[in-house]
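Next come the chains, spelled out residue by residue.
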Amino acid sequence: MKAFQQNLKKLEAADTQVLGVSMDSPYANKAFADQIGVTFPLLSDWGGDVTRQYGVYVDKYKAPRRINFLIGKDGRILEEQIDRDAIDPKKIVDACERKKLSR
Amino acid sequence: MKRKGVSTMLAMCLLAAAIVCPQIKAQGNKPEPRLKLKVGDVAPDFKLQYFDGSDDKDVSLSQYRGKSNVVLAFYIFAFTGG
Numbered sequence: 001m002k003a004f005q006q007n008l009k010k011l012e013a014a015d016t017q018v019l020g021v022s023m024d025s026p027y028a029n030k031a032f033a034d035q036i037g038v039t040f041p042l043l044s045d046w047g048g049d050v051t052r053q054y055g056v057y058v059d060k061y062k063a064p065r066r067i068n069f070l071i072g073k074d075g076r077i078l079e080e081q082i083d084r085d086a087i088d089p090k091k092i093v094d095a096c097e098r099k100k101l102s103r
Numbered sequence: 001m002k003r004k005g006v007s008t009m010l011a012m013c014l015l016a017a018a019i020v021c022p023q024i025k026a027q028g029n030k031p032e033p034r035l036k037l038k039v040g041d042v043a044p045d046f047k048l049q050y051f052d053g054s055d056d057k058d059v060s061l062s063q064y065r066g067k068s069n070v071v072l073a074f075y076i077f078a079f080t081g082g
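Residue numbers (this note's numbering), protein chains in the order written: chain C, 1 to 103; chain L, 1 to 82.
For reference, chain C alone in the conformation it holds in the complex (with noise of 0.2 Å):
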């Protein structure tokens, strides 16, 4: 998260708009966006339903996979970033530029 927050500017830039999502409560998100100085959305799916729509539910650790979306203004996915690759998020980023840039 912290990673998005370094280059917000940049997105923001781009017309996009960053939303966290994970099964914690709304206040413990709340807490951790603050302690990680997070100034955009954490959002809480209290019980999974989103995470299991989008298919990133594990079972294992009842918890959702560490996946990135990029979801267009047409609202279908541009990019998708999984697990580890999911920590870096230049890849988005430059989607976001380039489709800036083409536009």
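Keep in mind that the hints were calculated from the coordinates and are not lab data.
Treat the hints with care, since some could be wrong.
As the list claims (entries may be wrong) - Calculated cross-link-like contacts (lysine-lysine; reagent style DSSO-like; alpha-carbon spacing at most 27 Å):
1. C/60 with L/36
2. L/47 with C/73
3. L/57 with C/30
4. C/2 with L/67
5. C/30 with C/90
6. L/4 with C/99
7. C/30 with L/67
8. L/36 with C/62
9. L/67 with C/9
10. C/10 with L/47
11. L/57 with C/9
12. L/47 with C/62
13. L/67 with C/73
14. L/4 with C/73
15. C/2 with L/38
16. L/38 with C/100
17. C/73 with C/91
18. C/73 with C/62
19. L/38 with C/10
20. C/10 with L/57
Start from chain C and add chain L according to the hints.
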């Protein structure tokens, strides 16, 4: 009292890390299972909440339709890295 709270929280973080880290490591050794949703698919709409410090706020994917791109970053637990 406050100090105790901090050390309890720290202990919980360490515990969470101890549980999660070996699993992440194990996961790295396996070939990646593919995702259900593929590039080009329509992302399912949702409505979720976050707490902004004073109120619970609703956020839906559809509110960004036609206005901005959205990065949905699923993460495993609060208070873990990545």
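Hint-by-hint comparison with the structure:
In summary, the hint linking residue 60 of chain C to residue 36 of chain L is supported, as the alpha carbons are separated by about 18 Å, within the 27 Å threshold. A hinted pair counts as satisfied when its Cα atoms are at most 27 Å apart, and residue 47 of chain L with residue 73 of chain C qualifies at roughly 17 Å. A hinted pair counts as satisfied when its Cα atoms are at most 27 Å apart, and residue 57 of chain L with residue 30 of chain C qualifies at roughly 12 Å. With a C-alpha separation of about 25 Å, the suggested pair residue 2 of chain C and residue 67 of chain L falls inside the 27 Å cut-off, and the hint holds.
Proposed proximity of residue 30 of chain C and residue 90 of chain C is supported: the alpha carbons are some 25 Å apart, at most 27 Å. Only pairs whose Cα atoms come within 27 Å are accepted, and residue 4 of chain L paired with residue 99 of chain C is rejected, the gap being roughly 49 Å. Between residue 30 of chain C and residue 67 of chain L the alpha-carbon distance is near 26 Å, which keeps this suggested pair within the 27 Å criterion. A hinted pair counts as satisfied when its Cα atoms are at most 27 Å apart, and residue 36 of chain L with residue 62 of chain C qualifies at roughly 18 Å.
Our distance criterion of 27 Å between C-alpha atoms is met by residue 67 of chain L and residue 9 of chain C, whose separation comes to about 17 Å. With a C-alpha separation of about 26 Å, the suggested pair residue 10 of chain C and residue 47 of chain L falls inside the 27 Å cut-off, and the hint holds. A hinted pair counts as satisfied when its Cα atoms are at most 27 Å apart, and residue 57 of chain L with residue 9 of chain C qualifies at roughly 23 Å. With a CA separation close to 21 Å, the supplied pair residue 47 of chain L and residue 62 of chain C stays within the 27 Å bound.
Of the pairs offered as hints, the one joining residue 67 of chain L and residue 73 of chain C holds, with about 6 Å between alpha carbons and a cut-off of 27 Å not exceeded. As the CA atoms of residue 4 of chain L and residue 73 of chain C are separated by approximately 47 Å, the hinted pair breaks the 27 Å bound. Using a Cα cut-off of 27 Å, the hinted pair residue 2 of chain C and residue 38 of chain L holds, with the two alpha carbons roughly 26 Å apart. At roughly 22 Å between alpha-carbon atoms, residue 38 of chain L and residue 100 of chain C fall within 27 Å of each other, so this suggested pair holds.
Restraint check for residue 73 of chain C and residue 91 of chain C: the C-alpha separation of about 18 Å stays at or below 27 Å, so the hint holds. Using a Cα cut-off of 27 Å, the hinted pair residue 73 of chain C and residue 62 of chain C is violated, with the two alpha carbons roughly 31 Å apart. Taking the CA atoms of residue 38 of chain L and residue 10 of chain C, the gap is about 25 Å. The hint holds against a cut of 27 Å. Between residue 10 of chain C and residue 57 of chain L the CA atoms are separated by roughly 25 Å; this keeps the pair inside 27 Å, and the hint holds.
Hints 6, 14, 18 from the earlier list are contradicted by this structure; the remaining hints agree with it.
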